[in-house]
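Starting from the given sequences, assemble the full structure and let the hints guide the process.
Protein chains in written order, with my numbering: chain H, 17 to 443; chain V, 17 to 443.
Any given hint might turn out to be false.
Pairs involving identical chains hold if they fit within one copy or between any two copies, as the list cannot separate such chains.
Below, a list of computed lysine-lysine pairs in the BS3-like style, where the Cα atoms sit at most 30 angstroms apart [as the list claims (entries may be wrong)]:
#	residue 1	residue 2
1	358	205
2	367	205
3	139	214
4	288	145
None of these hints come from the bench; they were simulated from the model.
There are 2 protein chains.
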Amino acid sequence: METQSAPQPHVIIVGGGFGGLEAAKKLGGKPVRVTVIDRTNYHLFQPLLYQVATAALSPADIAAPIRGVLGKFDNIEVILGEVQSVDVEAHLVRTLDRSFTYDYLILATGSRHSYFGHEEWEKLAPGLKSLEDAIEIRRRILMAFEFAEKTDDLAARAAAMTFVIIGGGPTGVELAGAIAEIARETLAKDFRNIDPSKARVILVDGGDRLLAAFPEDLSASALRQLEDLRVEVRLRVHADNVTEEGVQVDGNFIPCRVKIWAAGNTSSFVGKTLGVPVDRAGRVIVQDDLTIPGHPEVQVIGDLSEFTSPKTGQPLPGVSPVAIQQGHHAARNILCMINDAKPQRFHYWDKGSMATIGRNKAVADLNFIHFSGFPAWLSWLFIHVIYLVGFRNRIAVLLQWAWAYVTFNKGARLITRNFQAEHRPVA
Amino acid sequence: METQSAPQPHVIIVGGGFGGLEAAKKLGGKPVRVTVIDRTNYHLFQPLLYQVATAALSPADIAAPIRGVLGKFDNIEVILGEVQSVDVEAHLVRTLDRSFTYDYLILATGSRHSYFGHEEWEKLAPGLKSLEDAIEIRRRILMAFEFAEKTDDLAARAAAMTFVIIGGGPTGVELAGAIAEIARETLAKDFRNIDPSKARVILVDGGDRLLAAFPEDLSASALRQLEDLRVEVRLRVHADNVTEEGVQVDGNFIPCRVKIWAAGNTSSFVGKTLGVPVDRAGRVIVQDDLTIPGHPEVQVIGDLSEFTSPKTGQPLPGVSPVAIQQGHHAARNILCMINDAKPQRFHYWDKGSMATIGRNKAVADLNFIHFSGFPAWLSWLFIHVIYLVGFRNRIAVLLQWAWAYVTFNKGARLITRNFQAEHRPVA
Chain H
17 METQSAPQPH VIIVGGGFGG LEAAKKLGGK PVRVTVIDRT NYHLFQPLLY
67 QVATAALSPA DIAAPIRGVL GKFDNIEVIL GEVQSVDVEA HLVRTLDRSF
117 TYDYLILATG SRHSYFGHEE WEKLAPGLKS LEDAIEIRRR ILMAFEFAEK
167 TDDLAARAAA MTFVIIGGGP TGVELAGAIA EIARETLAKD FRNIDPSKAR
217 VILVDGGDRL LAAFPEDLSA SALRQLEDLR VEVRLRVHAD NVTEEGVQVD
267 GNFIPCRVKI WAAGNTSSFV GKTLGVPVDR AGRVIVQDDL TIPGHPEVQV
317 IGDLSEFTSP KTGQPLPGVS PVAIQQGHHA ARNILCMIND AKPQRFHYWD
367 KGSMATIGRN KAVADLNFIH FSGFPAWLSW LFIHVIYLVG FRNRIAVLLQ
417 WAWAYVTFNK GARLITRNFQ AEHRPVA
Chain V
17 METQSAPQPH VIIVGGGFGG LEAAKKLGGK PVRVTVIDRT NYHLFQPLLY
67 QVATAALSPA DIAAPIRGVL GKFDNIEVIL GEVQSVDVEA HLVRTLDRSF
117 TYDYLILATG SRHSYFGHEE WEKLAPGLKS LEDAIEIRRR ILMAFEFAEK
167 TDDLAARAAA MTFVIIGGGP TGVELAGAIA EIARETLAKD FRNIDPSKAR
217 VILVDGGDRL LAAFPEDLSA SALRQLEDLR VEVRLRVHAD NVTEEGVQVD
267 GNFIPCRVKI WAAGNTSSFV GKTLGVPVDR AGRVIVQDDL TIPGHPEVQV
317 IGDLSEFTSP KTGQPLPGVS PVAIQQGHHA ARNILCMIND AKPQRFHYWD
367 KGSMATIGRN KAVADLNFIH FSGFPAWLSW LFIHVIYLVG FRNRIAVLLQ
417 WAWAYVTFNK GARLITRNFQ AEHRPVA
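Structure follows, in structure tokens:
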């Protein structure tokens, strides 16, 4: 119960992803009071989420409790809550059970997958954004092999051993490569009635090439590397229909038990409650300093924002480096504003992009140089290892990860179900 | 499609716990065809399950895919399936979707917790038998602190910071100690509005002392060690009622959000379908060679069987050493029988028991010597490390475990929910 001469400004950060967490760390120990609100209690290292979905890593390997990460900063409070809306006039953030007032707001609630008006496909073809998604996809992949091993129905067995991934961006490419690898390597000797290495992995995309955001030579390289893993890539085709039994692709029906959606994103609905323009994907159109028109105290960052790059005239992509740099910038803007300075223009430093396809397989675009295969994979590994160490700060986890990744023994291939479905959760 | 002069006898093992897995390993490479049926795809190292429930370890740290463990034995097939009943006359095992015939059967389907006729308490006070149970209990414990941090209602906050464990056997003692430790140590600095170290942990038991199966001096020692952790132990009291709001104990109502049941076991229902006598806890009463009367080809082992020790006249306890030794013996009996010899009498070699209470706190009864505190804890650690290495055969996991255990940084404290509840599972 200490009294202070002047109360410190209150900053609310909604979302503990890459952008929100970076902003919070930057404001730790500064003369502001910070409240971080997230609907989960952990920060998720999303670039490795596909490895949980394909049983290479455990959920806890890629998630860190937000309280643990920020616990050392006495000026930061963490609240587990689901934000429903923001009232920018009243400076109010509403969660399901409580409202909070702010002096400054950083909104970083990210995105979910979009089914382009076919929301009924979500339960048939889940997307990969959350830890729950990853655990469910892992369950479905592993259950498909279990079912194929048990059944005597040859058509059902073939469908169970066919995996269709819809969308050829980085997530689709990574998932296709990883599923091909567990089938061809990890599970190869585990079954008696089926040969998992004969599983079909089909990657469909409506565009002319995979990884449309990458340079063309790397798209071509990604295609070759996937074909080395015997992934069937079908370009310029669209999923017309998704059913329990399979996927209809440009009129051709592919019977398959497991379907995964990696085709589109839509931003969190919270952005739409701000009352400012959003783009087609639901992203809040921000000004060149990340604030929204008329409200310098409100900044929107990461996947939730559309920031048009002055260099390319294009919106920045929804990737973690953008979110991190924007989180850092938003925090700096607030420190400017409390000193009566104006928020600064945001500049994105594009260090390049990478996508991994499998063990020893990847593509890397470092702007000044493109490369693929083993060198690209090594770079990818190195960068993710560095990030992961900084983020979890636990050498032992790193060792386990390296071990699991280098060997083909995937220990995390557990099929867990929901806690008995009829149980009503306490919380 | 090879033809054999004489078909090999077919052994079905139901259950991939300690007993079933040991029997399967023993029969690997022997002149029998083995089918292992389990309803999960992994073997669970149950003695460390409470560590998943208290966020010290991840599910994958204590579970190994059964296919992975048995994959090297060409004569063993693994089936994911839920056994519904056994027809001992027809030599038939029925699962939900298929039936299997056997020449020899080893039944090892274990036990669940028993609510002594109050099954409606299960959703309010879950027990700890499966990985799903552990993840749910972990979620409830962590959510209770999150709720306490958010609420302004002082009574609700106090209830959220009160944890009641019903049952003072090894599981109850381990859980009480571990919850006290995460509250007092791990979470101590993570919150702003509450002091987790002030959480109340209450352990209730109807008996005169904790750990009734241990010698009296060790019960007294366990009590002292729990009191060091500020666990409130209430003996000779019974839970009369369990509600959403709390637990009624001998007429006194204890308001608490999280209740955990560690009070009783009942055997898997599969035992009752054999048509032979079962005891009060549903355990199949086996003969001195582990077979059931009139059916030497059927053996029942582990928690599902009641085997009366000729030394003490008492049934053997439901612990992993009993299951492992019985699994070994059952496999040997089958190898005898296929050589036209009779099944042999089973002898249990009791190496003693241990229970851990917390870091540096445990009790150990090695029959010839009793000890407690740090030496007991070191022995407990050593034995579990040895088992875990043998079972997972992965040094990296061991390192992580040792690291997580020695430091107080519990990285696995994730609150995961069910994959969106409306999703219909594919399988």
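Hints and how they fare:
1. 358 with 205: neither (63 angstroms within a copy, 35 angstroms between copies)
2. 367 with 205: Neither, since 41 angstroms and 37 angstroms both go past 30 angstroms.
3. 139 with 214: within (26 angstroms within a copy, 43 angstroms between copies)
4. 288 with 145: within (20 angstroms within a copy, 45 angstroms between copies)
The structure fails to meet hints 1, 2 from the earlier list, while all remaining hints are met.
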